[in-house]
Structure formats: structure tokens, C-alpha cells
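Undergrad: Here is how the chains run, residue by residue.
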Amino acid sequence: MKESLNGKLQLSEGYLAFVADDAKSCNFVLPLYTVRRVERINSGTHNFALSILNWHQMKLILQINGHKVTFEKFCNTIRDNLKNQVRYMKNLRSFLSTCFSEALLVDPKKDISTGGLGLIFGFPGDVKKLRDRYKTKLWIEYLQTNGRNLTLVKVPYFSKLVRVGLPNKLRGEIWELCSGAIFLRFVNDGMYEKLQKDNAGKVSLSTEEIEKDLNRSLPEYPAYQTKEGINTLRRVLTAYSWKDPELGYCQAMNIVASAILIYMSEEQAFWTLSVLCDRLIPGYYSTSMYGAILDQIIFEHYVQNKMPLLYEHFQNVDVQLSVACLPWFLSLYINSMPLLFAFRVLDCFFMEGPRVLFQIGLEIFLINSAILKINGDELLTITDDGQFIHVLKKYFSTLDQPAHPNNKNQKIREITKFNELMMVAFKEFSNITTESVIELRKTHQFKVIHNIESFTKRGQIRNLKDTSKFSKNDISIIYDKFYNAQFYGKQKSVRNDSRMDLNTFYRFLGSISSWAKLDDENLTKENGSPRDNQGRRLVGYEFIHKLFIHFDQSQSGGLTLQDVICGLGKIIFGDLMSRIELFFNLHDSDLDGYLFKEEILQMSESFLFIFRNRNDDGHLGSVSNFIRNAFEYTDSHNLRMSLPSFRMVVLADGYLEEFFDSGFASSFQFIEPTEERSKGLGREIFNALMSDGMRLAEKFGKRINHAKPKSHIPSSPDQNNSSNSNRNDMTSHVQSLESSNNNAESNYNDSSSLMPRNNSQDSFISVESQKSSKMQRNESPVSFGSDEEDDGLMQEVDRLLSEFSIDENGKKLTFFL
Amino acid sequence: MSNTSRQSTLSSESPARAGGEGTNQQPNLKPVQVKLVLLGEAAVGKSSLVLRFVNNEFQENKEPTIGAAFLTQKCRLEDKVIKFEIWDTAGQERFHSLAPMYYRNAQAAVVVYDVTKAASLDKAKSWVKELQRQANPNIVIALAGNKIDLVQPIEESEDESTESGRQVPTEEAKAYANEFGLLFFETSAKKGDGVRDVFTEIGMNDLIKI
Chain U
1240 MKESLNGKLQ
1250 LSEGYLAFVA
1260 DDAKSCNFVL
1270 PLYTVRRVER
1280 INSGTHNFAL
1290 SILNWHQMKL
1300 ILQINGHKVT
1310 FEKFCNTIRD
1320 NLKNQVRYMK
1330 NLRSFLSTCF
1340 SEALLVDPKK
1350 DISTGGLGLI
1360 FGFPGDVKKL
1370 RDRYKTKLWI
1380 EYLQTNGRNL
1390 TLVKVPYFSK
1400 LVRVGLPNKL
1410 RGEIWELCSG
1420 AIFLRFVNDG
1430 MYEKLQKDNA
1440 GKVSLSTEEI
1450 EKDLNRSLPE
1460 YPAYQTKEGI
1470 NTLRRVLTAY
1480 SWKDPELGYC
1490 QAMNIVASAI
1500 LIYMSEEQAF
1510 WTLSVLCDRL
1520 IPGYYSTSMY
1530 GAILDQIIFE
1540 HYVQNKMPLL
1550 YEHFQNVDVQ
1560 LSVACLPWFL
1570 SLYINSMPLL
1580 FAFRVLDCFF
1590 MEGPRVLFQI
1600 GLEIFLINSA
1610 ILKINGDELL
1620 TITDDGQFIH
1630 VLKKYFSTLD
1640 QPAHPNNKNQ
1650 KIREITKFNE
1660 LMMVAFKEFS
1670 NITTESVIEL
1680 RKTHQFKVIH
1690 NIESFTKRGQ
1700 IRNLKDTSKF
1710 SKNDISIIYD
1720 KFYNAQFYGK
1730 QKSVRNDSRM
1740 DLNTFYRFLG
1750 SISSWAKLDD
1760 ENLTKENGSP
1770 RDNQGRRLVG
1780 YEFIHKLFIH
1790 FDQSQSGGLT
1800 LQDVICGLGK
1810 IIFGDLMSRI
1820 ELFFNLHDSD
1830 LDGYLFKEEI
1840 LQMSESFLFI
1850 FRNRNDDGHL
1860 GSVSNFIRNA
1870 FEYTDSHNLR
1880 MSLPSFRMVV
1890 LADGYLEEFF
1900 DSGFASSFQF
1910 IEPTEERSKG
1920 LGREIFNALM
1930 SDGMRLAEKF
1940 GKRINHAKPK
1950 SHIPSSPDQN
1960 NSSNSNRNDM
1970 TSHVQSLESS
1980 NNNAESNYND
1990 SSSLMPRNNS
2000 QDSFISVESQ
2010 KSSKMQRNES
2020 PVSFGSDEED
2030 DGLMQEVDRL
2040 LSEFSIDENG
2050 KKLTFFL
Chain S
176 MSNTSRQSTL
186 SSESPARAGG
196 EGTNQQPNLK
206 PVQVKLVLLG
216 EAAVGKSSLV
226 LRFVNNEFQE
236 NKEPTIGAAF
246 LTQKCRLEDK
256 VIKFEIWDTA
266 GQERFHSLAP
276 MYYRNAQAAV
286 VVYDVTKAAS
296 LDKAKSWVKE
306 LQRQANPNIV
316 IALAGNKIDL
326 VQPIEESEDE
336 STESGRQVPT
346 EEAKAYANEF
356 GLLFFETSAK
366 KGDGVRDVFT
376 EIGMNDLIKI
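Residue numbers (the numbering used here), protein chains in the order written: chain U, 1240 to 2056; chain S, 176 to 385.
None of these hints come from the bench; they were simulated from the model.
Mixed in with the good hints there might be a few duds.
Unchecked claim - The list that follows gives simulated cross-link-like pairs (lysine-lysine, DSS-like), each with its CA atoms no further than 25 Å apart:
1. U/1633 with S/258
2. U/1451 with S/300
3. S/365 with S/258
4. U/1708 with S/304
5. U/1785 with U/1809
6. U/1704 with S/300
7. U/1708 with U/1809
Unchecked claim - Counterexamples of contact, computed for chain S against chain U with all Cβ distances above 12 Å:
8. 293
9. 354
10. 356
Just so it is clear, CB atoms sit at the ideal spot from N, CA and C, and this is done for glycine as well.
Working from the sequences, and respecting the hints, build out all of it.
TA: Here it is in C-alpha cells:
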């Protein structure tokens, strides 16, 4: 087949991607490790051309329109990148043996060894009715012409073939190809097994939760009534929970995993889950489920835009769309409609991305309201949640029935409601693009996080067993300060639960009492205790350490919000005597009921530390008085002081008495300082971002990095070209796509010698920069560079600061709260 | 828990059908709607309780509820017809933030725990706390300890400690329920024990309030 198309070519570290100018007629992602040979074609004049021969003997001719210099630079870059990818080539043969398309083309009757549970337990549906053989035949033709698995080129016919439903045995492979999971599986060879091995026998909250659901994931499918099927599902879900322990396991993943495992091998399913969670539906299954909530808001937004009448009706009768739609999205419609139809939706979802979820959902509403006059106006007459759900349930259960049973035309009578849904959805809502979904996700994400956070906050405060006489407002401030300190302290913290470590406690205490405020710049910390810039230990801070140990009632080495509230409560709502006793106990390090000389001196240091910022001179005198009196009153025999003597010594000094009577308690202030507030909403946002420490925030940074084009998977170009700011785009000309039977083996080194030698410098900086930063991730999509992560987070925080200020004045979003 | 309502029993108004309109023999009786929400830890048997009540059946491997499921059941209670509209919610902790969507207008809630899992009662308590602060102030809350079929003593015995596997003593949960003004039941969705009582009492309580 010969065809020539204009389009954009993108070269990255590991991939060469092309998308035609009309975004439809052709696109491909070619991993460089599948390239066998690159040749320069001397076509003279203005056109510069390269001929690329890939593993499957398909020849692509790239004609690059541009200066000679550009072309030379391109050639150099592709040569360098090819060299770096050579190491992957050795894995190709064994990898391809796991691809059904290989077997299909070589010998269609041969059984393949790896694949989904369907190979053993049968695929759902009637093969004849599904016209599986006919569809397979069409696919064989397509794959022969346009390449297969890693080297497949998508032409418009591809999406038609997907739309009519994929044949059973090929389904899994096309899913992983469309989602990009196949590339991850290739470069992470062996990781799935390694995760299993490294974590064998380990248990976690996630594994417990997974166990609960194993027997109830598509239980009607025969494989899941057997040990073999259950074990398969268990391995995939637990491996994923170890790969992303922060996400772990979310109900609905079991539904999705059990469904895709019918068509995919464990490893395929594992990497597909990975693409789902990281890129296609980020945040759906995270602990806060912010992604799912976010997409509900976006869906509502679309309904409001596209069907204002219906939207208004829902508002009037106070029906929330999410009560019905959230499960649709979370389980990708698998649980909502009959399984066979759900797989058809999945076919489209993997091909076109998350927008399909929206399109199908909108279409369901459209069909069931008067707007299309097909299914009546039932949605427009509902008056409560119950009727709403009822109408939709009825619709789903009749999807296999004719949409137009009374039409005279036999052909039209044969159209089922599902056919109609699929046909109209993509036409009617074609303007819902991946770009617009991504854009809306960006617009709304921080509000969602904020809402989730304020919900979490209310929940946590509500669940406090003891509020220690603090007012609601005080508790709220303590909560904010607690998590605020956690947020800033996170990088240095060794804990990954929501408990507060000592370093963070310094920061926290500093935010509520001026004497504990730590001047960060003059301090370095060694072994957990602050030192000044000369490396001297700051003795005063030992007092805070003592307080920390005292607050830590469970002796876990970390403080919960409850610990902090109880601890502070005892100080603030105690009395003169209780506070004197507290100080005594804090300094009585061996808890023997006596202070010895060393301990008395430490006590005086604590006083000096707490008083250090006071402007009066009284405190110096008082502390020296204290020392003098203390030694006077110590038991001359053992040189020790009991609590009653300590009380006497304190009460003998007016300054100290005042401190214990009120000064110490009132040194804790629970106000949001006004300058802090105006300086930035930063604080509030950080608070908002906190959920169980700062897991959510971290997660978010990660997600956002994923959403950027530096996403480690070469997503199909049409899904990603919204953000190509510093990509190496160039206009090129794919002249021919031809399957040649030229079997001449030529290894890559040969071809590199055909590359031009002269290095010209200009106009190609973008290639270099991209190479170094962006595509680095191709190689190791799982181990995230932490530096980059932090950068991502900080950038987002910057962005968020500007966004939030708008939000404060404008409308606040109140979803479900 | 009062015994006054003991005598009244629910009778299904129609052959049990989720969402079914049913044939009402007394068409002049307008059903009283009761919005009810089920809450509780994952896999304690929330969906199974509803399924037992609505369809009088039990499924061994019930799929976990994603988001929430909605079912209805019409019942006769004395001279009234009650239409229960039941929101059966997902139990996994991370679905927690979605719960307000379902309980926001509820007149009744059944908070379910598993008598063989002590931790599930703690979770139930935190749900009760949340409901009492956040939900409709008149909400009727029932606490239901499910799965008693797993702990029924092999021989009739007065002594509860002979029950194997039980982690939440009836008395403890009952005392808690009394303290917080909850209706209290122990149920077995599998065998059907106590399930109907939960809804009868809730119905009675709601009728009084309405």
C-alpha cells in the first residue's frame, strides 16, 4: 500500500511518533528498538528523506520538509537514540511470543500459550453471534498491511474495526496497544514477576481488602468460581498494590481487573491497570478518590452545557447525577451494563481515552430524555433519586432490544439500543475531546482537593475522642497547624504515616508559641536535636523533646492529632500546681521522683530557653534565684530535690509563680496570624492539601507529572498533542507505508554508518533539551525521580496559589458537602 | 429498646421486586416514603441485608458495592404502606467521602457491623457519630450486628462465651446502642434472622415521627 501523508513527526529518546495533519488519517508510535535499519535516501533538491525498516519488515519513508541543517540534526539525534535503544532489541523475540498477533499471522490455527482466562474458561458471548471469525479475518488483513503489536500503524480503518467490537483472542493485545501498556510491559520486562517474588507472603491493609473481594469479582464468570481464576486475580491485584502502595487497592479495581483478565494475561492486565491508574483515570482509585469526584464534576458540567433543560430539572428535584454516574465511571461501565456491551465500551475507551466515559454517559442521558424523542422523556419526569436510578436501570437491562421496534424498515428494526448508543454517542458528542477533558480536570482539581480536605478535616475532628475543653475554633486551628507542619516537614520526616515526628513537632510548636519558634536559618539538625551554625547543641530544644516524649502517650515515637490535643489541653487547661508538676516530671528523666543536680541545671536551662526572647531583665534574676534556692533546698544528703521542694522553690519567686500560673499556658496562641493569611493563601492550601499527612499532595504532584507530556508512555499522539510546547515537532512527509518482503538482515550498526557525519549546530536545541529531560522516563516508568517529583509539586503549588485567590472571591464549589 | 412495636410486623405489599410498583390492594393508601441508608465497614453484609429484605434471598458471593446501590421495597405496617428507598453504600474506607451524598436526606440509617470482627463495631461507632452530627437531625439510626449465623452455639446454651468466633458480645453492643439512642439488632442475612425486625422497627419509628 502506498500513500503519502503530511503530518507531524516527533522524536523522543525511545520512540518515533507520527500524527497526520488531520489527526485522523494516520498515526503511529514506533519504538526505536523495533527499528532494524535506517537509510538516507538521496532525493536531491529540497527534500530530505529517511527510509526506516522495522522489525516486521515494514518500510516507512520519512520525508522531512525543512532546512538541510534541520535534517542533519534530526539524523544525528535519531542515530544517537537508536544506539541507546539497541540494548532492548535482544528482548524482542521473546516478547513477541507473548503477542497473539504474531501467532495469528504466522499460523492462525496454532494455540498461543499466554493470554486471558478466556482461553481456558471460554469467552463470554456466542462466538457466532459476535461474528468472531469474520472479525478476526478482517484483523488479519489489517495487521498484514499495517504492522502489528509494537509496530502497528493506525489508519482510519483501525478505529472502525475497534468500534464494531474486537475479536476475543485479539482483544487483550489491542487494549494494551491502544492504552500504551504494551510499551510499559516491554521495557519493564520481569518486573511483574519480581514484584510477586519480593512481596511473597507479605500482608498489608490492601492485601486484606483484596482478599475480601476476590470471591465477589464477576462471580458469574466460570473462571472466578475456580481456584485458578481467583489466584490469577489475586496475583494481579496484590502485585499492583505493592507497585503503588500509596494507592493500594480500591474496590472497583477488582471489577476492572477481573474483566480485563478474561482477555489479557496477568502481566498485560497488570500494566494496563498501571496505565489506568496513572494516566487514563488518575486519582479514581486513590485513597481520596479525588479523580473520580473530579470527573463527576466535569460530567455534570457537560450535562449542564449540552442538556441545560435536563440539568435544570435535576436541580429542581434535587437529584445528584453522581448517585447514578459515579459507579459507571469507577467501574468503566463494567458493572452497569451487560458484560458483553461493557467490553464494547472498553474497546472504545482504550482506543480513545477517558472522553469515552463522558460521551457514553451523556448519550445515555440524551436518549432517555425527550431531546432525542426515542426513549420518551422519562428522565425529565423523575422527581427523586429512586426514579432516576430506576429509569437508568431499566434502560441498561433492555440494551439488547430493538431501539425502533415499530419501524417499517427491517434494517432499522434490527438496530439494538446498544447499537444506537454507540453510534450516536461518538457523533453527537464528538466535540468532547481528550484535550477538553484534560483541561477541565486541570481547572477543577484543586477545588476538589480542597473539598475533600475540608471533609477529611471535619471527619478527623469529629473522631477525636477527647477535645480537652478546646473550642471548635481552637481545634480547627490546631488541626491546620498540625498538618501544616507535617506538610513542610515531610521531606525530612522519616515517618510515612500521619504521626508527627520530633522535627516536625519543633515546627508545629513554633507555630503556636513564640518561645518555641525555631530560627531555621541558624540551625542545622543532627540526630534530631537542633544545633546552631557552629554545630553546638541547643540545650533549650531538649525541653521540646521532653515535651514530645510526654505527649507521645502510646510511645510510638510519633504524635497523632489526638496526642497533641490532649497534651496541649493538659497544659492550657491545667492549673498552677499541675503545670509545676509537669515541669518536674519532664525533667525527672529517670522518673524516680527526684531531681538531681544535672536535672536541676537542665530545668534552669529550660527556663532560660523559654524566657530567652523576653525583654525584661526579671527572668535572669529569677532563674539564678531558682538555681540558688534549688540547691539550698536539695536534700543535702543525696543532693536531690523532691516535688514538694520544687514547688516551694518555684512559689518563692514571683516571676516563676506567674509563669506557672498563667504565663506558660497563655504562651500558646491559637490564632491564624493575619499576615500569614494575606501573605498567601499558601497556608490554607497546604492545609487543604493535607490528607493523612501529605499523601494526597504528594500523589498529586506525581499525577500532574504524569499528565504532562513527559508521561512515560508514548500515548497515541492524538491524545497528547495538546501540549507540545517543547517537543521536536517538524513537518514531515510519510511517503509510503509498504510491507516489503525484503529480508536482508542488516543490523543497526550498519545503518548508523549511513548516517551523516557532519554535525551542524543551530536550530535544533529543542531536540537536545527534550532528550535530556523529558523522555528520560521512558526507561524506568516505575521508579520516579524524586527531584523531579518535588519540582512538579512545587510548580503546581505555585499555580495553585494563583488559582486559589480567584476562587476565594468567586464562587466556592460545594459538591456533595 | 421499647417493646411496644414488637407485635407489629411488616408484610410485603407486593411480590418483592426492587423498584417494582406492585399491586396495591388499597389504592387509596398513599405509601409513606422512607429514605434509608446502609453504612458500615466493607464486607459486613450491608448488601446482603438489603437483598434479604427486598428479595428474600441470599447470594454467597455478592459483588462489592461500587459507590452505592439503590433498591426499593414496599411494605405494609399496620394500616399504612411504607415504601423504603434504600441506599446501600460502599464500605471501603476510601469511599467514605462519598457517603454524605447518600445520607444527606435520609430519614433512617442502618449501621451494620460484623459480630465476628471487633474492628467493624469501631467503624460503626464512627458512622453513628458522623450521622448524629452531619445527617438529618431526626434520623432514626439502627445498629445491626450481622452474621450471627457464624456464631450460633452448636448446642443451646445460656452462656454466650461458648459461641465460637464471636468478637462483639451482644451486651456490649446493646449497651452502646442504648447510650446513643440507637435501635439495636443482631441479624443473619444468610438465614434471615432479625432482618425483618430491623425494618419493622425503623418503619414504626418513622411513622411516629411523621
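Undergrad: For each hint, tell me whether it holds in the structure or not.
TA: Structure-based check of all given hints:
| no. | hint | result |
| --- | --- | --- |
| 1 | U/1633 with S/258 | holds (19 Å) |
| 2 | U/1451 with S/300 | holds (21 Å) |
| 3 | S/365 with S/258 | holds (23 Å) |
| 4 | U/1708 with S/304 | holds (19 Å) |
| 5 | U/1785 with U/1809 | holds (15 Å) |
| 6 | U/1704 with S/300 | holds (12 Å) |
| 7 | U/1708 with U/1809 | holds (10 Å) |
| 8 | 293 | holds (15 Å) |
| 9 | 354 | holds (15 Å) |
| 10 | 356 | holds (17 Å) |
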